[in-house]
Amino acid sequence: MMLQTCGGSSTELRFAAQAYIGSSSPSLPSKNVNKGKKKKYGGILPSVLRALQAEKDVEKALELYYGKLSPKEQTVILKEQSKWDKVVRVFEWFKSQKDYVPNVIHYNVVLRALGLVKEALLWIKHMKLRGIFPDEVTMSTVVKVLKDAGEYDRADRFYKDWCFGKIELEDLDLDNMGDQQAISLKQFLLSELFRTGGRSHSLADFRHMESSVRKPHLTATYNTLIDLYGKAGRLKDAADVFAGMLKAGVALDTFTFNTMIFICGSQGYLSEAEALLNKMEERGIRPDTKTYNIFLSIYADVGNMDAVLQCYRNIREAGLFPDDVTYRSVLKILSERNMVEEVEVVIQEMEKLEKRIDESSLPLLAKMYVTAGLSERAKLLGCCEKRKDVLEYNVMIKAYGKVALYDKAVSLFRGMRNQGTWPDECTYNSLIQMLAGAVIASFAKTKRLSDAVDVFQEMLRADVKPNEFVYGLLIDAFAEDGKLEEAKHYFHVMEDSGISANQIILTSMIKAYGKIGSVEGAKQLYEKMKTLDGGPDVVASNSMLNIYAEFGMLSEAKAIFDYLRQKDCADGVTFATMMYVYKNMGMLDEAIEVAEEMKQSGLVRDCVTYNKVMACYATNGQLVECGELLHEMVVKKKLSPDGGTFKVLFTVLKKGGIPAEAVRQLQSSFQDGRPFAMQAVITSVFSVVGLHAYALESCGTFRKEDVGFSSFAYNAAIRAYVAYGKIDEALNMFMKMQDEGLEPDIVTLINLVNCYGKAGMVEGVKRIHSQLKWSS
-6 MMLQTCGGSS
4 TELRFAAQAY
14 IGSSSPSLPS
24 KNVNKGKKKK
34 YGGILPSVLR
44 ALQAEKDVEK
54 ALELYYGKLS
64 PKEQTVILKE
74 QSKWDKVVRV
84 FEWFKSQKDY
94 VPNVIHYNVV
104 LRALGLVKEA
114 LLWIKHMKLR
124 GIFPDEVTMS
134 TVVKVLKDAG
144 EYDRADRFYK
154 DWCFGKIELE
164 DLDLDNMGDQ
174 QAISLKQFLL
184 SELFRTGGRS
194 HSLADFRHME
204 SSVRKPHLTA
214 TYNTLIDLYG
224 KAGRLKDAAD
234 VFAGMLKAGV
244 ALDTFTFNTM
254 IFICGSQGYL
264 SEAEALLNKM
274 EERGIRPDTK
284 TYNIFLSIYA
294 DVGNMDAVLQ
304 CYRNIREAGL
314 FPDDVTYRSV
324 LKILSERNMV
334 EEVEVVIQEM
344 EKLEKRIDES
354 SLPLLAKMYV
364 TAGLSERAKL
374 LGCCEKRKDV
384 LEYNVMIKAY
394 GKVALYDKAV
404 SLFRGMRNQG
414 TWPDECTYNS
424 LIQMLAGAVI
434 ASFAKTKRLS
444 DAVDVFQEML
454 RADVKPNEFV
464 YGLLIDAFAE
474 DGKLEEAKHY
484 FHVMEDSGIS
494 ANQIILTSMI
504 KAYGKIGSVE
514 GAKQLYEKMK
524 TLDGGPDVVA
534 SNSMLNIYAE
544 FGMLSEAKAI
554 FDYLRQKDCA
564 DGVTFATMMY
574 VYKNMGMLDE
584 AIEVAEEMKQ
594 SGLVRDCVTY
604 NKVMACYATN
614 GQLVECGELL
624 HEMVVKKKLS
634 PDGGTFKVLF
644 TVLKKGGIPA
654 EAVRQLQSSF
664 QDGRPFAMQA
674 VITSVFSVVG
684 LHAYALESCG
694 TFRKEDVGFS
704 SFAYNAAIRA
714 YVAYGKIDEA
724 LNMFMKMQDE
734 GLEPDIVTLI
744 NLVNCYGKAG
754 MVEGVKRIHS
764 QLKWSS
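The opening position of the sequence shown corresponds to residue -6 in the numbering used here, with each subsequent residue numbered one higher.
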């Protein structure tokens, strides 16, 4: 989702929300948070942006693209840099090119990133040196400027120092802020600091301030702080600010609610997010389009398509209008799920409002139509879009390639000239790389690595430079096949060609070392990744964790596990791998602790993670917990169990004491794919672990169906009714079984012995017991 940078705990976040909405649910500990998806670009932009992210040396990262970037692409590159110092270095590199044409937009981007930061810090120094203490408006403005520049730690320190009545000049260091440019303090004062008429404090107030803690009183300040900590991934601090806002009685506004709804929703606390929306309306604060856009993403992430569509309709019902973000999001959500009718309703509304379909949506829509067998409609998408220049064609060709619509890309390429647009070098390179990459990927999947290498060599002979995607495919293919030397060869060839290794490629190399058992080689690469901006991501860390797990290196595995937890970046794979480590070493108590934390963190979301946690509980004999998780999985989350699920369930049945004959009967029916076999197994599990209400709920399926069942299904229902003491229902089910012409088998007889025994029917027990002796 939207938050990616990790840190802090979400327990306080939930407490803060509950303090306002009156929820009585238990608190949850920290969990993984995902940040909003970044914009996707076509052409060479993704390569440039990845190179800048991976390489600290800006000049080295951009050297490959000398003379190849248009002014529009240069603007995008400047805007995408999160740090002001990198913006300056990129801009200086642009200016160093002989053919660079001064562009006012470029200067505006740089001034926005650099000028405001420098100007704000210079002004605070100016005030401090003259004995003037900044008031709340000034403080809030500086924090906002630093936040917008990505200087989260500086913003936090400045705010906390201000609370204690001090300003540390040492932290406001301008020496490393790049090339000094002329700054207009007058413009800054007029546009920012004096806009609200705030009054600053004099030096006479300093001593009093330092002896007491200052707290903000303005809604805008609290909103800025909540947004700051949210973007920095410091969710505990965001929750503390929100709670402080409530305690101080500061007015909440739409921005406050939107930010908190987003944080709750992205943490997986949907009920709290919905409750905040209700409270927002109760206070008379109208949700805006952004509010509904947030819920669109939340509901889509949990797979609630009905809620997504209702949320979309609510925008109009509330008298609002969907914006570009709304349409882009809802079309993406619906097209990815092949919901053609719903997509066309949205497109019709867009046409009425004269809204244009965003180019990023076109490949997804085209793929949806092709999948649904509506190729003609897919072609119409391309016809209705008027393209202005070659750049837009290149973007679309690249986009079609990403969703594997190669025919569409080639058709678009062939139609360019008819529209008066001629392909350029980037067009040809994109098309060749796309098609060659597709062929290489196909060969890699089928283990035809020599064929993949042949295609790679043909690219070189055609003077088409492979990009990081092509190299990544080859390296990963050899890594998967355990061929380290070949993977290293293409890794070095890639570096020699001027392409820096990104996180994905380095992770593949770690995997290659792991395949041959070279822990040290993998570790060295992992350490190298720590020198990159942002350090190793969770995928790379999980790969390293898996290697340590395979070799039983507990302390090393635990170090990575603890690191990811502290950063609040641990995901389902992280927890599952650590459970595997503990379980394999016989440390079941520790494995259960990890399983519990994984559950409470909301990371048990899909079939695989449910299976892992249930297996851990089953191994430790915690069968009731297995049953509870199974009910949550199949009833509440409506996830379909797979083979791994039933492997765990049969273990539960055996440990739960069900007769071996009954287990064998259920296993046989499941393996043969018999109707209602899965339901019979699930019912039996609920029954054997003592969750009788769930078992009876599951038995309802058998009672509702008019069709006949096999013996195993009747046996499962009879067993469930007997276990709960529902003797009449058990006997009714037995009679229904006889009405179907089914003879009782040994499992039926065992169930009947238990049934008559619980009912005190001694003669019945004797009669069935004699049949059992005879049948054996």
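FYI, nobody ran anything at the bench for these hints, they're computed from the structure.
Don't take every hint at face value.
Stated by the list, open to error - The following label-pair restraints were derived from C-beta to C-beta distances:
no., residue 1, residue 2, range
1, 516, 88, 35 to 43 Å
2, 509, 635, 51 to 59 Å
3, 417, 640, 54 to 62 Å
4, 648, 397, 22 to 30 Å
5, 759, 718, 18 to 26 Å
6, 450, 146, 44 to 52 Å
Since the model is a prediction, treat every value here as computed from it, not as a measurement.
Each residue gets a CB set at the ideal place from its N, CA and C atoms; glycine is no exception.
Range agreement (Cβ of residue 146 with Cβ of residue 450, hint 44 to 52 Å): Cβ of residue 450 to Cβ of residue 146: about 48 Å, so the range 44 to 52 Å holds.
Residue 417 versus residue 640 beta-carbon gap, inside 54 to 62 Å or not: For residue 417 and residue 640 the Cβ distance comes to about 55 Å; the hint holds.
Between residue 759 and residue 718, is the Cβ distance one that fits in 18 to 26 Å? Holds - the Cβ-Cβ distance for residue 759 and residue 718, about 21 Å, lies within 18 to 26 Å.
Tell me if the beta carbons of residue 509 and residue 635 are separated by a distance inside 51 to 59 Å. violated, 31 Å
Consistency of beta-carbon spacing, residue 397 to residue 648, with hint 22 to 30 Å: violated, 46 Å
Does 35 to 43 Å hold as the CB distance between residue 516 and residue 88, or does it fail? For residue 88 against residue 516, whose Cβ atoms are near 41 Å apart, the range 35 to 43 Å holds.
Going down the numbered hints, you'll see the structure goes against 2, 4, while the others check out.
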